[in-house]
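Peer 1: If you read the protein sequences in the order shown, they are chains P and G.
Under the working numbering, the final residue of the first sequence carries the number 708; numbering is consecutive throughout.
Under the working numbering, the final residue of the second sequence carries the number 708; numbering is consecutive throughout.
Everything labelled a hint here was simulated from the structure, so no lab data went into it.
Be a bit skeptical, because a hint or two may be false.
One copy or any two copies: either way a pair holds, since identical chains are not told apart in the list.
To be verified - Quick list of in silico lysine-lysine cross-link-like pairs, DSS-like style, CA-CA up to 25 angstroms:
1. Lys310 <-> Lys214
2. Lys647 <-> Lys663
3. Lys663 <-> Lys214
4. Lys576 <-> Lys370
5. Lys663 <-> Lys310
6. Lys576 <-> Lys663
7. Lys310 <-> Lys373
8. Lys588 <-> Lys373
2 protein chains.
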Amino acid sequence: MNLMWLSVIAGILGFGAVAYFTRYVLAQDEGSEAVREVSAAIREGAMAFLRREYQSLAVVIVIITIILLVVPELGWRVAVAFVFGALCSMGAGFAGMNMATRANGRTCAAAAHSLDQGLRVAFRGGAVMGLTVVSIGILGVVILYFLWHDDPAFLAVIPAYGTGASLVALFGRVGGGIFTKGADAGSDLVGKVEAGIPEDDPRNAAVVADNVGDNVGDVAGMGADLFETYVQSIIATMTLSVVVVGLGIAGDHETAWLIPMLIAAGGILASIIGCFVVRVGETVDMGKLLGALRRGTVTASILTAIFAFLIIHFLDASIGLFWAMLAGLIAGVLIGESTSYFTSYEFKPTKGIAEASASGAGATIIQGFSVGMMSVWPAVLLIVGAIIAAFYFGSFYGVALGAVGMLSTLGVTLATDAYGPVADNAGGITTMTGQPPEVRERTDALDSLGNTTAATGKGFAIGAAALNSLGLILSYAIAVGIVTIAGGSIQTTDPGALSLLSAPVLIGVLLGALMPPVFCAMTMQSVAITTEAIIAEVRRQWREIPGLMQGTSKPQYGLVVDICTKAALRAMLAPSIMAIVAPVIVGVVLGKYALAGFLVGAVVTGFIMAVMLNNAGGAWDNAKKFIEAGMHGGKGSDAHKAAVVGDTAGDPMKDTAGPSLNIMLKLMSVIALMLAPVLTQFTGII
Amino acid sequence: MNLMWLSVIAGILGFGAVAYFTRYVLAQDEGSEAVREVSAAIREGAMAFLRREYQSLAVVIVIITIILLVVPELGWRVAVAFVFGALCSMGAGFAGMNMATRANGRTCAAAAHSLDQGLRVAFRGGAVMGLTVVSIGILGVVILYFLWHDDPAFLAVIPAYGTGASLVALFGRVGGGIFTKGADAGSDLVGKVEAGIPEDDPRNAAVVADNVGDNVGDVAGMGADLFETYVQSIIATMTLSVVVVGLGIAGDHETAWLIPMLIAAGGILASIIGCFVVRVGETVDMGKLLGALRRGTVTASILTAIFAFLIIHFLDASIGLFWAMLAGLIAGVLIGESTSYFTSYEFKPTKGIAEASASGAGATIIQGFSVGMMSVWPAVLLIVGAIIAAFYFGSFYGVALGAVGMLSTLGVTLATDAYGPVADNAGGITTMTGQPPEVRERTDALDSLGNTTAATGKGFAIGAAALNSLGLILSYAIAVGIVTIAGGSIQTTDPGALSLLSAPVLIGVLLGALMPPVFCAMTMQSVAITTEAIIAEVRRQWREIPGLMQGTSKPQYGLVVDICTKAALRAMLAPSIMAIVAPVIVGVVLGKYALAGFLVGAVVTGFIMAVMLNNAGGAWDNAKKFIEAGMHGGKGSDAHKAAVVGDTAGDPMKDTAGPSLNIMLKLMSVIALMLAPVLTQFTGII
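Only chain P is shown next, with the shape it has when bound in the complex:
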């Protein structure tokens, strides 16, 4: 039997678990009439966003497909794989969003019974997303494998599957990120600040959009982002099989293709088990709640490591490949831990921001910014450590396999992430429908936990994206022929041309490093534009709909969602085009060596900026929560006002600009990889 069937079995088991969790969630009490109504409005808005996003996507997919079909070097299989990748990612996004927006009201109802009940419904709602992503991801690659693995062009075709996923991730993460913060800031500014009404007040036409945004950004966006990273990491490892074969680390190409696929399969099995062990008692205690989720991820990590060891042993591959994979797995877990240190208010950095807030908002900003910058070092050192170890044990292939290791437990880590917006929504619904205080207390606890897991999830996502981009850059280098495997070692084809100190490479690095700050500036501007559109619409409704402020009539929630969707999709255009066009220009004008430098420069600066923005934003958010918990004068104090400024400033950094960088890095690398056949014969115009 071809062992690749094991991956098929894992994918099917994953779907089995998805079916089980779906039935579980749907069997829960839907809550009161009011809860059902609000939940339905959010679901409707979320689906409306998805519909419009997928419409825009469809246009772009058709255009790109035509281009792919026209370029003779690529062939029709590439176009098919591309469309297939996009459809898989869209399917996973739809499934996750559908479940998350059904689980929110039920979590609210379950929290009325007990905390454990609430946690379980929310987490299982998230688990549907996590396991759907990995199951679709692995089955998609397997299908392409069985279709074409005997074809000599196989390794040139499968990257297109990842590119399709990239495109969806671009829309999901960048468009979704702009939507979510535009809606959030718009709703707050026009409601809390301007009209002086509380957050989640049903008279504010933007509140549904705000809740929709949580799903759009943290479920669909995060899901599409990690779907892409997940499949890309597997694909990058497969395309680097030439390294393993050349260096004699693991037999033949088939074995080199099996290793990442079987490790991913083992990771799915481990994730399913991890999802089942998440539960907690009745005490509302952050430590215990966090412990409950951590039990799931730790269990899955240990199991995956054991599976990977057995797989590599059984396949007769070098045991070094196990260490390479383990290095990635451990680095991923530790990046999560370090993020939690820098952004959770149980530790010094975030407490320091809260303390500084007593001296005013200026100090809040300075302190938070320092924390963000400081938080870069463990992230970089962990990634560097993983690269050193993975490279030592498995060369380029090892680095790519490290990324697979880091992402192998994605099923459960993504469940932990997607849990967040479900809990957040449940909290919103609780307020909007006026539930008793003990229910709000429970959903608040679940929501707080969601903030921490969101920060850790972001750290994990950028770490994986960086490692994965490096793998893609190495694939690019081989595909474009500037690096070859000969005589058991890796050689630079033209010594000197890829030298760090040659002018094209150096210039490429500088230009690449320029991309992340400009991209961030553009996405943050996009949020501002979307915010303005929302504010104008809410004001209009207050002005034109009689009785709205008195609560006798209802605002047009859907209209705000629609306006926000249009604004976000329009605003994502400029940064996206830049990310797509820049590598093409660099490749064509400055040549393939400069493009390698460009990609490295972008990954390095992008990784650092993303960690900085995510963690500064997360720390500001939690410093505010720490003060709201009664420290430094509590809610309403001057320190609280200062902390709110930090939180507001940090929001688009951590929820739009930072996460969008993941997409930019991967997208640019993928485009370079696709350009490779064109650039091979080419060293630039200059």
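On the provided structure of chain P, position chain G as indicated by the hints.
Peer 2: Just chain G, lined up with the frame of chain P:
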């Protein structure tokens, strides 16, 4: 005659102009008794800072000198050149500070007569600094040249002169940067915010320290920073003479040494002329004032270009070297223009921040941060353009010569910078001594102008530092033997080992890129620590000195200066040690190739972060000034309060963290260059 004597003549002419300007300033009216008193207090504080700083410096110099004498590869000449470089920089710093603190009171008195009079005194005070720096700089190198240029070790000895200057710059820029913002923030927080008394109120014991800080940071710090860049750029070009000779671009080593020296000499002459053409009429008009200063720099730039053309033509060198030099000169001027676009409130970016402030401080921060990130692109593209052109025309040597071109007019550009703190001080003295409103209006206009020139100066300083660091990295590559000149072209000694995609280089790049954010976080923390020390002391004086708040007794200004000095010098220790130790560790543990990657990674991220921090800070500052000029509700409005938050947050970014990065980049490159003899035989422990 050896043409090098022309440089001696230029240096002497520079001193002649310094003497003339000094006499001019000292001949001016010292102002009223009260003005003289405040000015004396500032001078005393500034000199006290310098004394203590130089004491600490002396200890470090002795230690390093002993180390240099002990390492057998280096020899005693290196130690002598090192001490000589440090002494030259200290001398220039002392002279500049002495003059700036004598010009401040006289500017205040001159502004009582007319604006032009005020501008002239302040600018000529600054010109003493500018011309002293370049004159001492060039004469120092010339002396070493005449002493040892026949010695085969000459090219290994002169970098030590630059290293001595580096060390002084480290103390001046980092220590001074921490002092200036610590004093500023401390004085504001304890005075304006806590006690509710106006800025520059004489009852606040920290006001003198605040005014001392302007001199310490923007005169001594900026001067030492640019003294270093100036001499380093000349030295880097000279050490790369091997490239010119190897490639046959410009005859022999002697010619290759003469070119940067004579261009620098021409630049000094041009700067002297430029300093004399600065004057303005009576209208208080920002455009005209800026035009007056710009006339000086533009005149000098054009003259320098003409001189350079003649020099290169006369020396029979390739005319390409003229284009290389011109590329740097033009890039420097344009970086200044772009900085002014992003940070001056006459243009859209800063106006946008002021507008966003109407929606609260969160929006101010987001908008300013976006502006900072966006401002990176012209800076990077200009530097990239200069590198491409300079490299095309003169290879590595051309790149270094581009830096010389950029810095050739330093005499007048630094005069423009050093003018700022003189005007700022004059404004402070005007308030502290209760001058009539029309005087304050004039000094305010001069001060505003100083803010703009400070921002442009910073852009210029980081651009020059980045270009210069690249030159030093290339010198390092040649010194350590990973790049050689053979057969008329540049070759990588070990093809593949310096490949961008080899693990050590890639890891080096990542680690290097990590340095700037961590360094910035540390320096910003240092500011916070110093601020706290000052606040505690001012509170103590209010508590313990009777009659202080009633104005019947005086605070102990000197004590605050002293405490601030000690705190700043202690706080600069950790970041400085990190910047010194990190390249040593990378070189020894990961080897010479990784170290090259490390330096490139640091320069790229450091350049981008510095531009971002400087420009965001400058834009926030001027957005506040724009609102204070009556826009968006003017002073006291909610928009103004939000803008103040931006200004406060931006201060340590633009005056401490950003400028300190210049030093870090150069210092790490210089240390690598000094380590080169040790690392040659060595590829790392791992």
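Peer 1: As a check of your reading, is Lys576 near Lys663 (CA-CA no more than 25 angstroms) within one copy, between copies, both or neither?
Peer 2: Classified as neither: same-chain Cα gap 31 angstroms, cross-chain 36 angstroms, threshold 25 angstroms.
Peer 1: For Lys663 vs Lys214, is the C-alpha pair at or below 25 angstroms within one copy, between two copies, both, or neither?
Peer 2: both (13 angstroms within a copy, 19 angstroms between copies)
Peer 1: Are the CA atoms of Lys576 and Lys370 at most 25 angstroms apart within a copy, between copies, both, or neither?
Peer 2: Answer is neither: 45 angstroms inside a copy and 40 angstroms across each miss the 25 angstroms cutoff.
Peer 1: With identical chains treated as interchangeable, where does the CA-CA distance between Lys310 and Lys214 reach 25 angstroms or less: within a copy, between copies, both, or neither?
Peer 2: neither (33 angstroms within a copy, 45 angstroms between copies)
Peer 1: How do Lys663 and Lys310 come out at 25 angstroms by Cα distance, when the copy is not named: within, between, both, or neither?
Peer 2: Neither way: Lys663 and Lys310 sit 30 angstroms apart in one copy and 42 angstroms across, limit 25 angstroms.
Peer 1: Classify it for me, Lys647 with Lys663: is the Cα-Cα distance of at most 25 angstroms met within a copy, between copies, both or neither?
Peer 2: Close inside one copy (12 angstroms) and across copies (24 angstroms); limit 25 angstroms.
Peer 1: One pair to classify: Lys310 and Lys373, alpha carbons no more than 25 angstroms apart. Within, between, both, or neither?
Peer 2: Classified as within: same-chain Cα gap 21 angstroms, cross-chain 49 angstroms, threshold 25 angstroms.
Peer 1: Indicate which option fits the pair Lys588, Lys373 if close means a Cα-Cα distance not exceeding 25 angstroms: within, between, both or neither.
Peer 2: For Lys588 and Lys373, the Cα distance exceeds 25 angstroms both inside one copy (39 angstroms) and across copies (27 angstroms).
When each numbered hint is compared with the structure, violations occur for hints 1, 4, 5, 6 and 8.
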